[in-house]
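**Q** Sequence:
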Amino acid sequence: LEPKAEADFCGSADSILDTIQRTLIPATFLFILFVGLWLNFPIIWILMFRMKRWNRSTIFLCNLVFADIIWILTLPFLICYHLNQLHWIFGDSLCKIIRTVYHLCYYCSIYFVTCLSVDRYLAIVHPLKSLWVLNKQQSLMKPPIGRSFLRYSNILQHSEKHLGCLSSKSNVA
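This note's numbering puts the first residue of the sequence shown at 39, with every later residue one more than the last.
If you're looking for bench data, these hints aren't it; they were derived computationally from the structure. Just so you know, not all the hints are guaranteed correct.
Stated by the list, open to error - DEER-style ranges, computed between Cβ atoms:
| no. | residue 1 | residue 2 | range |
| --- | --- | --- | --- |
| 1 | Ile82 | Gln123 | 33 to 39 Å |
| 2 | Lys90 | Leu68 | 32 to 38 Å |
| 3 | Gln59 | Leu132 | 17 to 23 Å |
| 4 | Phe79 | Ile58 | 28 to 34 Å |
| 5 | Leu132 | Ala65 | 19 to 25 Å |
| 6 | Tyr145 | Ala65 | 21 to 27 Å |
Backbone N, C-alpha and C fix where the C-beta goes; we use that ideal spot for every residue, glycine too.
Could you build all of it, start to finish, from the sequences and the hints given here?
**A** Pasting the structure below:
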């Protein structure tokens, strides 16, 4: 490629990335925010007021719903971050807290879906064994207790007034 054509190609890639970060990601997060709250709160109501008997799956489902709702509640901060041209206006402490909660609840959701899947597998394939493998009290104790991942987030100081808030795998403890 000629230098000018290569520069045009790279410039268009930057504008595509810019468009994705400043329009598509906030729009997607906003959609997830509304749909997620709209679907998860009725599930909590059903679990709390309509479920007569709780079992392992119900406990895992309840934990999944709460992890999802907490994850969803971090999205307004990230929407604001992306709409402000990747400028974090809430301070470095809140950046670390939001990013920690975001990632912790994200992985907790995966964990609870896995627990539900294993529980259903055992109940279907090994129905007698599943009765003694894990009882209701043990399933209450199994959800992961999150350790502090506050070092997981990087604060980027671009200038006096521009603060970026990123996740960095190099800082995982």
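**Q** Could you run down the list of hints and mark each one as holding or not?
**A** Against the structure, the hints come out as follows:
1. Ile82 x Gln123: 33 to 39 Å: Check passed, 36 Å falls within 33 to 39 Å.
2. Lys90 x Leu68: 32 to 38 Å: Since Lys90 and Leu68 have Cβ atoms about 37 Å apart, the given range 32 to 38 Å holds.
3. Gln59 x Leu132: 17 to 23 Å: holds, 20 Å
4. Phe79 x Ile58: 28 to 34 Å: holds, 30 Å
5. Leu132 x Ala65: 19 to 25 Å: Because 23 Å falls inside the window, the suggested range holds.
6. Tyr145 x Ala65: 21 to 27 Å: Given about 25 Å between the Cβ atoms, the range holds.
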